[in-house]
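All chains, full assembly: derive it from the sequences and hints.
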Amino acid sequence: MDEQALIERIKQGDEMALASLMKIYKDRVVNFLYHSLGDYERAVELAQETFIRVYFRAHQYRPVGPVSAWIFTIASNLAKSEAKRRRKVNLVSLEEVASELGGEGVSYDPPTAGLSRSLEQALNELPAHYRLPLLLKDLEGFSQEEIARMLGRPVGTIKARISRARHILRRRLESALRGKNDGGA
Amino acid sequence: MEELNLKDLLSRVKAPEDFEERVFEKIRDRKRDRRNYLLVSIGIWRRQKILLATAFLIFLVAGIFLLPQFFKKYGEPEAGFSPAPAKFLSAESSSLSLIEFVDFTRDFADIPEKKVVYILETVNESVVSEVKY
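Heads up: the sequence lines are chains A and B, in that order. Numbering of the first sequence is given in this note's numbering, commencing with residue 1 and proceeding in unit increments. Numbering of the second sequence is given in this note's numbering, commencing with residue 186 and proceeding in unit increments.
Incorrect hints may have been included.
[Unchecked claim] Estimated spans, in silico, between C-beta atoms of each pair: (1) Arg219(B) <-> Ala5(A): 21 to 29 Å; (2) Pro154(A) <-> Lys192(B): 20 to 28 Å; (3) Ala238(B) <-> Ala19(A): 46 to 54 Å; (4) Gln60(A) <-> Arg207(B): 18 to 26 Å; (5) Ile229(B) <-> Arg153(A): 41 to 49 Å; (6) Pro127(A) <-> Leu236(B): 48 to 56 Å; (7) Arg207(B) <-> Ala5(A): 35 to 43 Å; (8) Gly156(A) <-> Phe289(B): 55 to 63 Å; (9) Arg207(B) <-> Gln4(A): 25 to 33 Å; (10) Arg219(B) <-> Ala19(A): 20 to 28 Å; (11) Asp295(B) <-> Glu145(A): 23 to 31 Å.
[Stated by the list, open to error] Facing chain B, according to a computed beta carbon distance under 7 Å, are these residues of chain A, among others: (12) Met22; (13) Lys26; (14) Asp27; (15) Val30; (16) Asn31; (17) Ile52; (18) Ser116; (19) Tyr130.
[Claimed, not checked] Where chain B lies over chain A, by a calculated footprint (3+ residues, C-beta under 8 Å): (20) 33-45; (21) 73-87.
For the record, the hints were derived by calculation from the structure and aren't laboratory data. Glycine included, every Cβ here is placed at the ideal spot set by N, Cα and C.
Following this line, the structure appears as structure tokens:
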């Protein structure tokens, strides 16, 4: 069914329409939030909050852009707020605790060792204002103009941030790989 | 180094099985909370309306009785101002004594160089100098 029509039905309070929308987007939103925060449990909670907001704020949706952009705008705003909150209280994710304790970890599919792990680590170390545009571009495939609208920033700023984020990521990844190679030799 | 392809390199995580159920559960909780909040607000309003009406009435009565007194008090001349003695206001008197408080600080505020300014006036303690207009 057309996503715009689903939103129209959600406006009327149709929970089945919300279920259909969730079926389409839940994995993408959870995945995006997981890579934005590096914490699976929190990512799931915020993804649920995203769809709750879709349900209660469906009347605020204006069909000027795709539904996906609207959903990811809500998810990005939640990720931004979470990043701010974390800066204040300096939270540690369950995954980090699990890895420190050497336990089995939480019930999610963890990244495989090597490049992926280094990349995830480098990504988690990026500031949120670099990480979010990069993930929206490279992971979710939104255009720079769409990301600018979603994050409420000029297109030039978004272009610069994506470029800078890639540069930082590449540099950190190179040094991580170099460190591993030196350690292995 | 080659261009990074995050989509291929990053692991993909999925939503848990009970994702939708938990969302609907939370939606129901929020709806209930909103309804309760509305009912509590209406309840408070009903219970408090007599109290609010009384408070409004007290405010109104206090305003009616106290405001005229307030205006009466502040409608009087300032305490610092000393009016001319009555003898100078008598019909026979051809001159009127004026006592003016003059503040020159503004007049000299724009002077770029700070200088001591002397204001010379005739001072006579025994005779009131008359100013004729």
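Comparing the hints with the structure gives:
no.	hint	verdict
1	Arg219(B) <-> Ala5(A): 21 to 29 Å	holds, 26 Å
2	Pro154(A) <-> Lys192(B): 20 to 28 Å	holds, 26 Å
3	Ala238(B) <-> Ala19(A): 46 to 54 Å	holds, 49 Å
4	Gln60(A) <-> Arg207(B): 18 to 26 Å	holds, 23 Å
5	Ile229(B) <-> Arg153(A): 41 to 49 Å	holds, 43 Å
6	Pro127(A) <-> Leu236(B): 48 to 56 Å	holds, 53 Å
7	Arg207(B) <-> Ala5(A): 35 to 43 Å	violated, 25 Å
8	Gly156(A) <-> Phe289(B): 55 to 63 Å	holds, 58 Å
9	Arg207(B) <-> Gln4(A): 25 to 33 Å	holds, 26 Å
10	Arg219(B) <-> Ala19(A): 20 to 28 Å	holds, 21 Å
11	Asp295(B) <-> Glu145(A): 23 to 31 Å	violated, 56 Å
12	Met22	holds, 5 Å
13	Lys26	holds, 4 Å
14	Asp27	holds, 5 Å
15	Val30	holds, 4 Å
16	Asn31	holds, 5 Å
17	Ile52	holds, 6 Å
18	Ser116	holds, 6 Å
19	Tyr130	violated, 13 Å
20	33-45	holds (count 5)
21	73-87	violated (count 0)
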